[in-house]
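Engineer: Residue numbers (the numbering used here), protein chains in the order written: chain A, 3 to 220; chain B, 8 to 142; chain C, 2 to 393.
Source of the hints: derived by calculation from the structure; they are not laboratory data. Bear in mind that the values here come from a model prediction, so they are computed numbers and not experimental data. A virtual CB, placed ideally from N, CA and C, is assigned to each residue, including glycine.
Here chain A is said to cover these stretches of chain C; the calculated rule only asks that three of the stretch's residues, wherever they fall, bring their Cβ under 8 Å from a Cβ of chain A:
(1) 38 to 48
(2) 142 to 149
Listing some non-contacts, in silico: residues in chain B with all C-beta distances to chain A over 10 Å:
(3) V60
(4) M63
(5) G67
(6) A70
(7) T79
(8) A80
(9) K81
(10) L95
(11) L99
(12) T124
(13) L130
(14) Y133
Restraint-style ranges between C-beta atoms, simulated for each label pair:
(15) A:H153 with C:A133: 54 to 62 Å
(16) A:A126 with C:P279: 37 to 45 Å
(17) B:G47 with A:R220: 24 to 32 Å
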Amino acid sequence: MSTTDTRTLRVYRFKRGDGAEHFDEFEVPVGPRMSILDALRWIQLHRDPSLALRHSCLHASCGTCGVQVDGREELACVSAVRDHGETITVEPLANLPILTDLVVDVGEFFARFPEHPIIRASEADGYVRLEDCIECGLCLSACPVAATSRHYVGPAALVAAQRLLEEPRGADREDVLAWADRPEAAWGCHLGFECARACPAEAIPAERIMALRRELAR
Amino acid sequence: MSAAPGPVRHKGRGPAVSGWVAPRGRALGGRSFALHRITGIALVIYLYVHLGVLSMLLIGESAWGDFLSVVTAKGFLAFDVVLIFGLLFHALNGIRVALVGSGYLVRHQRALFWVATAIGTPLLVYAAIHVFGGA
Amino acid sequence: MRHDAHVLIVGGGGTGAALAHDLSLRGLGVTLVERGELTSGTTGRHHGLLHSGGRYAVNDRESAVECIEENRILRRICPGTFELNDGLFVAVEEEDLEYVDAFVDGCEACGIPAQRLTRDEALRLEPNLNPAIKLAVRVPDGTIDAMRLPLRFFATARRNGAVIRPYTEVRDLLVHDGLVSGAVLLDHVTGKEGEVRADIVVNATGPWSERVAAMAGVDVPIRPSPGVLLALRGRMCNMVLNRLHKSGDGDIIVPQRGLSVVGTSSWVVEDPDDLTVPEDHVERMYAEGSKLVPAVRSAERRAAWSAARPLIGSKGADTGRELSRTFKTFDHKETDGVEGFVTITGGKATTLRGMAELCADVICRKLDIDEPCRTRETVLLPHSAYYAAAAA
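Work out the full structure, taking the sequences as your base and the hints as a guide.
Structural biologist: Shown next as structure tokens:
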């Protein structure tokens, strides 16, 4: 395949200085294994250094590079350019306030979580491993309930609560149950299942939310 | 950094609820979620339409002919089939949602959708044949 | 106790994070600027290895001792951010056996606990290992969450008054008459330029160190030395698996959540922003990794990427591996006659706290501030606390 292929990336832009949301288009040369993140960083390096975006680990482990590509939640670092068409639209994740360009306000994401400090090391399997959830926010972006309700805590927060019930690590079980037993928490889920489809860590938020509801119903 | 919260993207154009029916970026779960709500609202609206149409009969015996010509018109029969689809979808998907929402067969939510489709489709076809056949 | 001094740290990787934390605990005012997301340079991309120091026990004892000390400290101050299942150095081929004694002796000399295991014992612990292995040595390796560990330093620093500004790029340094007094910043959130003044500016930009140092008119001997890493779907081991031999490509597999990360390789570049991912290096990861764990060969690629190490050394080296891995603080008043500017560079992800202590000592000396380091004992806030409201 020729490496002088190009694709057009339509990228969402927003700077707080001028306040106007718009899309910029860039022609990006595409190589065989290029990811959407590679393309965005190429734009930063060669066309527009003011493009703000999040990334860190480049291998779907840190959860920072979540975006919507053609309306679908993906981690930009493992989303192949070749899997998309001639024109690719890249927007920030949905349902969270935008800081700038493709960067959303991560504080708002964590604000929905139960009070207990988030500890991701688990000993549930007999050895120590970091939990599946990488806090990427793709589930919250995909959730149709979160789209119309700012108060719904969202799949990731409910998964975190259910994990605290499974493995408390210092959390108070009654506090977690009380937090979950609200219309904007466990009862806010209306089974859209978009969260499970979007999750790049292959956790199944929907399953954990149902497990949480079973706990509450006991 | 500015204290004011920034804009929020959603998947549709216009009000956020349009994201439920966005053309791209939704899978089976999201589509059935949206359709469940649409059929739910449609059934409620139908209830009023139904009462409205029936109220034609309050006028008396003379209204019977008018009533029959309305409800046996091809367009109305087609509407009946759509209505039956809505009823079947909402009922069968409702069972799926009730099961999964109580924690049963969560991993099989997609399979349940197709089972519901397999049950509903012959029922719909049967109903459509009789709706149009009996006219 | 609060001091009047203000330090501007350029670079939001692990080094900058640990330094912001150390200085704010000593009561100095700290502003940190990072042009992108925090840890979006080299730090976020690294292997994720919590080093026992074993890899350096034979050839680079200074590094090995640094590693095991910091390994112990990190376990104490950041509980919950690691996978702590130890690691194995595995003798796969006959010639690896020649290395065992030197390895175990080296570990003992550096204070690294090392336990010899028979082939059967090793396979019981890690059933996916190549059944042809000869023996293994167990050391206290672990897995670090590469982004969230520094984020805990940032969270604690922020709580203690440090101002952390990601998406803020340094356009130029304010230099006049051999004195660096601050920086010109471009805020990518608003698109607006501004200035910040500081008593000391710290260059903590890793492989970008030369670029920032040039803004002050000085040079630092940093070679960006990238290596390829390969993340495979599937958790093929719980312990870190290392090849028991002199350093080579693809000789380590680090488990991380549901992935196994194989690495790494090494070459030298001029521009740390434009890193390629050579497919022959990726192929080498598959080939070498499958000598340790045969299942690597057929495992699905999740991602392959490059990360640039900041290696200190002369400009002559080609492959980058023989350069020393110790870290260094350059006080540019001493090295170049430029006041108010310090570069900290080199090192490994595991030694971030130790690097920061060294640098903070230098900074406090320069500012005539007498404050001890408190980072060895201070337990860090959880990573999510970074996003909670900053200190009043």
